[in-house]
Amino acid sequence: MKRLLSFTMILTIIISINVPIFASSDEPSSWAKEEVESAIKNEYVPTQLQSNYQKPITREEFAELFVNAVFKDFNRYIKGYAGMTEEAAWGTTTLTIDMFLKAISTTELFTDTDNKYVKVANILGMVNGIGDNRFDPEGLITREQAAIMFVNYFQTVDSNNTNEAPKYLDDLDSVSPWAKEAVARAYGARYLRGNVKAIEDEWGNVTKKGHFDSKATFTREQAIIVISRLGIDGKEILNKLVLRGYVEIGMDALFSGFDIEGNTIKMKSTGFDYKYCQLKEYWRTQSNLIDYVNKYPTEQLIALLLKPSLARCHMTTEENLEKVLSGNQTFYDYKLFTIEHNINNYLVVITKINGYGYMCGGGLRLLYGDNNQYTVSVQN
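Residue numbers for the sequence shown follow the numbering used here, so the first one is 15 and each next one is one higher.
If a hint is listed, it holds; no wrong ones were tucked in.
Here are the simulated lysine-lysine pairs, DSBU-like style, with alpha carbons at most 35 angstroms apart:
no.	residue 1	residue 2
1	116	309
2	282	86
3	229	254
4	337	280
5	229	249
6	282	366
7	86	194
8	366	349
9	69	47
10	349	254
11	86	254
12	282	349
13	366	309
14	194	69
15	69	130
16	47	194
17	254	93
18	47	249
Per label pair, the in silico range of CB-to-CB distance:
no.	residue 1	residue 2	range
19	128	333	39 to 49 angstroms
20	344	207	39 to 49 angstroms
21	283	69	43 to 53 angstroms
22	333	91	30 to 40 angstroms
23	190	115	30 to 40 angstroms
24	302	359	21 to 31 angstroms
25	332	145	43 to 53 angstroms
26	121	68	32 to 42 angstroms
27	145	304	48 to 58 angstroms
28	344	302	17 to 27 angstroms
29	287	106	11 to 21 angstroms
30	125	304	45 to 55 angstroms
31	57	287	25 to 35 angstroms
The set of hints was computed from the structure by calculation and includes no laboratory data. Glycine included, C-beta positions come from ideal geometry on N, C-alpha and C.
Could you build the full structure based on these sequences and the hints that come with them?
What follows is the structure, encoded as structure tokens:
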């Protein structure tokens, strides 16, 4: 009897750990419950957001949710690296918010919040201020604003860049002009979905179209569900660590550190070198690159290859290798962005050029969006 009782108690504890228990008056909507439970199980949802699920989410709460989820999946991802070079270089394979902020500085400072998750979200390009050095942490988010935030972050790491949303949304014309392209991308990439409506034309033909409802507020449960769908149970793109939404980095690059000024990303030099890092291990297998492995420190090789995600910049040609690694200043103009090396004590400075809309990854190419029309810009 005692053994049966003990087993029952243990089983109860296990169930309570893995399955969220919602108060009957505070449950997510029935259609959201399963995905909210999954998000909590995957540790995406901060404790303070595990209630009031139908309440509109604030800008600060969204930053905490989004950043927390990215760091959870990023840490899961890097622990699977062969050799775990991060552990040898850092002493750990777990990247914390504090470690990240120690490695990266930014000129964007908000006067109305000192929340470190907001600061990280801004560095990663998820959120921006509203002007006058303000963030408006208690401000609510509309669905079209949420679309901008998701597209801001995933613009170059997700290759699904369909521009067919105008065919499938019945209310795209009601979206604010500054958000229309982001809504089209977010809907096309299935970050945000809309309700399906039957539309009848003047001849009585009925077609089904999505209804985005762009001005509606974004609730906690909606935000949690979108995050869950982008994580390990869905698109699996939360594990990317992307500065200002367009330059993907790993922990080795963080060791040198960065300064962020708007959309300009500057990699500092600390002399960091680790001869068994993944990059050097790979270069040792390439006959034309092996001589550079022992001659140059890790951070110089990382800086040589740092570029917007999916942009095809052939820095590993012998001419460019020698030019960059010589320590001389270089300047490369790729229309959507520029890359400079060895300038003002920085190993590399990458600047996204304003005026091209969103930069989008597609088939190992970098495209740019303008009024939902995607044009090949960088293939060289």
